[in-house]
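K.L.:
Chains as they are written, first to last, in the working numbering: chain A, 1 to 111; chain B, 112 to 224.
Simulated from the structure, these hints should not be mistaken for lab results. A virtual CB, placed ideally from N, CA and C, is assigned to each residue, including glycine. Fair warning: there could be bad hints in the mix.
Stated by the list, open to error - Which residues of chain B face chain A? A few of them, derived with a C-beta cut under 10 angstroms, are: (1) Q148; (2) Q155; (3) R168; (4) F180; (5) L199; (6) F215; (7) G216.
To be verified - FRET-style restraints, in silico, Cβ to Cβ: (8) I12(A) <-> G206(B): 34 to 42 angstroms; (9) D195(B) <-> I12(A): 25 to 33 angstroms; (10) K210(B) <-> P8(A): 27 to 35 angstroms; (11) N18(A) <-> P173(B): 41 to 49 angstroms; (12) E15(A) <-> L194(B): 36 to 44 angstroms; (13) L194(B) <-> Q78(A): 20 to 28 angstroms; (14) S75(A) <-> N190(B): 43 to 51 angstroms; (15) T108(A) <-> E193(B): 28 to 36 angstroms; (16) S26(A) <-> E165(B): 23 to 31 angstroms; (17) R174(B) <-> E5(A): 25 to 33 angstroms; (18) S76(A) <-> K210(B): 27 to 35 angstroms.
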Amino acid sequence: GIQVEQSPPDLILQEGANSTLRCNFSDSVNNLQWFHQNPWGQLINLFYIPSGTKQNGRLSATTVATERYSLLYISSSQTTDSGVYFCAVGGIRNTGNQFYFGTGTSLTVIP
Amino acid sequence: ETGVTQSPTHLIKTRGQQVTLRCSSQSGHNTVSWYQQALGQGPQFIFQYYREEENGRGNFPPRFSGLQFPNYSSELNVNALELDDSALYLCASSGRGSKNTQYFGPGTRLTVL
Numbered sequence: 001g002i003q004v005e006q007s008p009p010d011l012i013l014q015e016g017a018n019s020t021l022r023c024n025f026s027d028s029v030n031n032l033q034w035f036h037q038n039p040w041g042q043l044i045n046l047f048y049i050p051s052g053t054k055q056n057g058r059l060s061a062t063t064v065a066t067e068r069y070s071l072l073y074i075s076s077s078q079t080t081d082s083g084v085y086f087c088a089v090g091g092i093r094n095t096g097n098q099f100y101f102g103t104g105t106s107l108t109v110i111p
Numbered sequence: 112e113t114g115v116t117q118s119p120t121h122l123i124k125t126r127g128q129q130v131t132l133r134c135s136s137q138s139g140h141n142t143v144s145w146y147q148q149a150l151g152q153g154p155q156f157i158f159q160y161y162r163e164e165e166n167g168r169g170n171f172p173p174r175f176s177g178l179q180f181p182n183y184s185s186e187l188n189v190n191a192l193e194l195d196d197s198a199l200y201l202c203a204s205s206g207r208g209s210k211n212t213q214y215f216g217p218g219t220r221l222t223v224l
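Next comes chain A alone, as it looks inside the complex (with noise of 0.2 angstroms):
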């Protein structure tokens, strides 16, 4: 099956340091999110990227589908910022609607 690897599994910051997470899969996807998962469980949509760039507000994201990984850069982090950050990806050729996800990076950002 496919494999999704994201890096550096743990990342602990300075409050306002900037830091670029990464996601590499192992076969073309037509479906890639970034979540953004809180102490509660919670997976909240940060971006949904297949290909190119987007940016909301201090966090900004690309997928170059041709090389197959996607980055997902965080500026100033904030405490708040904290938590595990997972990316995603469907549309795999002969697996359905499966989507695969990532072992996640856990991003710490300290005061």
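Put chain B on the given structure of chain A with help from the hints.
P.N.:
Just chain B, lined up with the frame of chain A:
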């Protein structure tokens, strides 16, 4: 526009029992997917329902089953509970097709003793 809701929030069962989890999809969405998230891992796809029929299944045994109702809400049923079934169960709603954004509910945390 209402979001995805799930019930109950928490549940404790003993090994061998059966459990039913419920999910109401976001308005305008006709597809519901269920995921299992064990502690420290990413969510794993269980199955998806579209128009009351199963529309894809992950690597889970038949004791995991589901239903979707005409209003697109859904149930996840797990029979003969095992200790390893302890997890956060998430449901997501979307439009049909793999290119649609999935929106997740808050989850049900199941503990099997």
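K.L.:
Indicate, hint by hint, whether the structure satisfies it.
P.N.:
Status of each hint after checking the structure:
no. : hint                                    : verdict
1   : Q148                                    : 8 angstroms, holds
2   : Q155                                    : 7 angstroms, holds
3   : R168                                    : 8 angstroms, holds
4   : F180                                    : 19 angstroms, violated
5   : L199                                    : 5 angstroms, holds
6   : F215                                    : 4 angstroms, holds
7   : G216                                    : 8 angstroms, holds
8   : I12(A) <-> G206(B): 34 to 42 angstroms  : 38 angstroms, holds
9   : D195(B) <-> I12(A): 25 to 33 angstroms  : 31 angstroms, holds
10  : K210(B) <-> P8(A): 27 to 35 angstroms   : 29 angstroms, holds
11  : N18(A) <-> P173(B): 41 to 49 angstroms  : 48 angstroms, holds
12  : E15(A) <-> L194(B): 36 to 44 angstroms  : 40 angstroms, holds
13  : L194(B) <-> Q78(A): 20 to 28 angstroms  : 38 angstroms, violated
14  : S75(A) <-> N190(B): 43 to 51 angstroms  : 48 angstroms, holds
15  : T108(A) <-> E193(B): 28 to 36 angstroms : 33 angstroms, holds
16  : S26(A) <-> E165(B): 23 to 31 angstroms  : 26 angstroms, holds
17  : R174(B) <-> E5(A): 25 to 33 angstroms   : 31 angstroms, holds
18  : S76(A) <-> K210(B): 27 to 35 angstroms  : 32 angstroms, holds
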